[in-house]
Amino acid sequence: MTAHFKPNAAETALIDSLEGAGGWRAQLRDATRSCGFPTRRDEHWKWSDLRRAANDVTHAGTLHISGIDGSEIVPDDGAHVDLTTQATAGASAADVTLTVKAGRRITLVERHVADAGSLGNFHVKIDIEDGARLDRVIVMPDAGAGVFIASTDIVLGKGADICQTILDFGGKLNRCETHLTHPGDGASARLDGVYLLESGRHADHTSVVRHTGPGGTLSQLTKGAVMSGARGVFQGKIIVERAAQKTDARMTHRGLLLGDRAEIDAKPELEIYADDVQCAHGNALGAIDETALFYMRQRGIPELKARALLIESFLTEPLDGITDEALRGELMTLLRTRLGAIT
Amino acid sequence: MTAMLEISDLHVAVGDDDKPILKGLDLSIPAGEVHAIMGPNGSGKSTLSYALTGREGYAVSGGIKFDGTDISDMAPEDRAAKGLFLSFQYPVEIPGVPTLTFLKEALNAQRRTRGEDEMSAPDFIKYVRERAAKLNVSTDMLKRPVNVGFSGGEKKRIEILQALVLEPRFLILDETDSGLDIDALKVVSEGVNALRSPERGMLVITHYQRLLDHIAPDRVHVMADGRIVASGGPELARELEADGYDKYVRAA
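Residue numbers (my numbering), protein chains in the order written: chain U, 1 to 343; chain H, 1001 to 1252.
If you are wondering where the hints come from, they were derived from the structure by calculation, not from laboratory data.
Please read all numbers here as calculations on a predicted model, not as lab measurements.
Among the hints, erroneous ones may be present.
[Claimed, not checked] A few chain H residues that don't get close to chain U, going by computed Cβ distances all over 12 Å:
hint	residue
1	D1009
2	V1014
3	K1023
4	G1042
5	K1065
6	G1068
7	T1069
8	D1070
9	D1078
10	E1130
11	S1151
12	Q1162
13	I1182
14	K1186
15	A1194
16	E1199
[To be verified] Straight-line alpha carbon distances no greater than 25 Å define the calculated BS3-like cross-link-like pairs of lysine-lysine that follow:
hint	chain 1	residue 1	chain 2	residue 2
17	H	K1143	H	K1155
18	U	K305	H	K1143
19	U	K172	U	K267
20	U	K101	U	K46
21	U	K305	H	K1104
22	U	K267	U	K237
23	H	K1104	H	K1065
24	H	K1155	U	K305
25	H	K1155	H	K1186
26	U	K305	H	K1247
27	U	K158	U	K125
28	H	K1019	H	K1065
By construction, the Cβ of each residue, glycine as well, lies at the ideal position given by its N, Cα and C atoms.
Only chain U is shown next, with the shape it has when bound in the complex (with noise of 0.2 Å):
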């Protein structure tokens, strides 16, 4: 059946500049030429139809990449690594690998932009070896009306930790997903996010964590706000092996509407093999609390004030895991100033 698809011009294009490459764009290619985007019939993107935001693509694009020398990179113990992508109008793809070496600290900080007609897929194979720990942001500022797939793998090893924070303003359609193999093994992550989306933005946090071996962790706490016209999307599956008991996992997805026609559609789920295990997950969508908006308003702080404050104070709590107080900071400003354009 597949063999009869015929891929429009955007998979073409796609399929074309992917011509002779090797490793993760090879798959994307041959995915791509067998099977098109995904679309809002495929589960896993259903509410992201990747083939209907990408229709404007027409042609090759470019990807570039700066910050790192090579696609693969092995930084120093305490490095910190600034990696910004920009896609032009067109589609493209290109991937890194990065591996945070045994008992080495890392930190990432990505920042991806998509022009708009743009296409862009990313991805990142993450290796954080034993005892390694990986600080990971990644900042989706709003700059165009581009589509951007920022996609990665991570292992992690025996004793490793990863801490991975999205700071997502949407685009077209933006998609940010995160596959993780968790050994348990006193190894330890946590995966957060927020977004913040005006009208016309999609943005889409999607995350696959699958615990293999005994004893480990995870926390996953992600935010988001979205305003008329706007739409965001959860999905967040774990996964625990029947070899990995006393994992504890906890999930949480927070979303605020802010307006009558805000979308946010959330998946939870834990497909849980192992019986000795504590795993919560938990998902709630509501509006502005319109009795502390009086409150602050009767003493004094104008609605927009109030309105961002509460929309501020809603949001930042997935911010508090990023340990490095300059970074945290600067995504701090980056929130406020987006909150300030646009309520």
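Based on these hints, arrange chain H on the given structure of chain U.
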């Protein structure tokens, strides 16, 4: 001469079905005086406090004049900047906003609205600490998010602290004694009494006479079914405590 707060023939309807709650209320409070409104549950006391401060969802007709200006169409924040302050019966929790930040935002927002200079951070800290000390509000409480996890007594002390910081020209105290034990009631009352001045007016809304032992009113009004049905001196409060509201409810 007009009073500081002049309410005339006030009608307020609430909810989607516009249920009438206040039905032609008249009240006049001069600067320097403390008036109490007493009334049974459901007589419209809290509705009055929200209508005066401009809460959405309260359809108001009739006159609310503050310092001679009709404020009935003004936004809540503009009424606040003019000096109207409501101490809430149920103070609201605001997770994520430290009390100190909240106080600073409120004070400086009011100052901006009035065309005054903002207070600098060091001056502000000193200014708040002096006032917090009077109400036994600790530095730790000031750092915590507004009202989150505070006891009933702590919340009411924070309400009065806000009044001391914002120095409003007119205070409405809505059931300020609810949830207070006797010690907290004393601290809160002392805070309120410290605010009494010839330039400031107060409206104390209460179900029980107890609060009025600590905050002595100049005038007492009885409210029933959305109107003022009797007015008198402080002795009226004691009469109500002894005899109850029955005769007024029947009369209304």
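Tested hints:
no.: 1; hint: D1009; in the structure: holds (24 Å)
no.: 2; hint: V1014; in the structure: holds (14 Å)
no.: 3; hint: K1023; in the structure: holds (24 Å)
no.: 4; hint: G1042; in the structure: holds (20 Å)
no.: 5; hint: K1065; in the structure: holds (19 Å)
no.: 6; hint: G1068; in the structure: holds (21 Å)
no.: 7; hint: T1069; in the structure: holds (17 Å)
no.: 8; hint: D1070; in the structure: holds (19 Å)
no.: 9; hint: D1078; in the structure: violated (9 Å)
no.: 10; hint: E1130; in the structure: holds (19 Å)
no.: 11; hint: S1151; in the structure: holds (18 Å)
no.: 12; hint: Q1162; in the structure: violated (6 Å)
no.: 13; hint: I1182; in the structure: holds (27 Å)
no.: 14; hint: K1186; in the structure: holds (25 Å)
no.: 15; hint: A1194; in the structure: holds (19 Å)
no.: 16; hint: E1199; in the structure: holds (19 Å)
no.: 17; hint: K1143(H) - K1155(H); in the structure: holds (14 Å)
no.: 18; hint: K305(U) - K1143(H); in the structure: holds (20 Å)
no.: 19; hint: K172(U) - K267(U); in the structure: holds (21 Å)
no.: 20; hint: K101(U) - K46(U); in the structure: violated (37 Å)
no.: 21; hint: K305(U) - K1104(H); in the structure: holds (13 Å)
no.: 22; hint: K267(U) - K237(U); in the structure: holds (8 Å)
no.: 23; hint: K1104(H) - K1065(H); in the structure: violated (28 Å)
no.: 24; hint: K1155(H) - K305(U); in the structure: holds (23 Å)
no.: 25; hint: K1155(H) - K1186(H); in the structure: holds (14 Å)
no.: 26; hint: K305(U) - K1247(H); in the structure: violated (47 Å)
no.: 27; hint: K158(U) - K125(U); in the structure: holds (18 Å)
no.: 28; hint: K1019(H) - K1065(H); in the structure: holds (24 Å)
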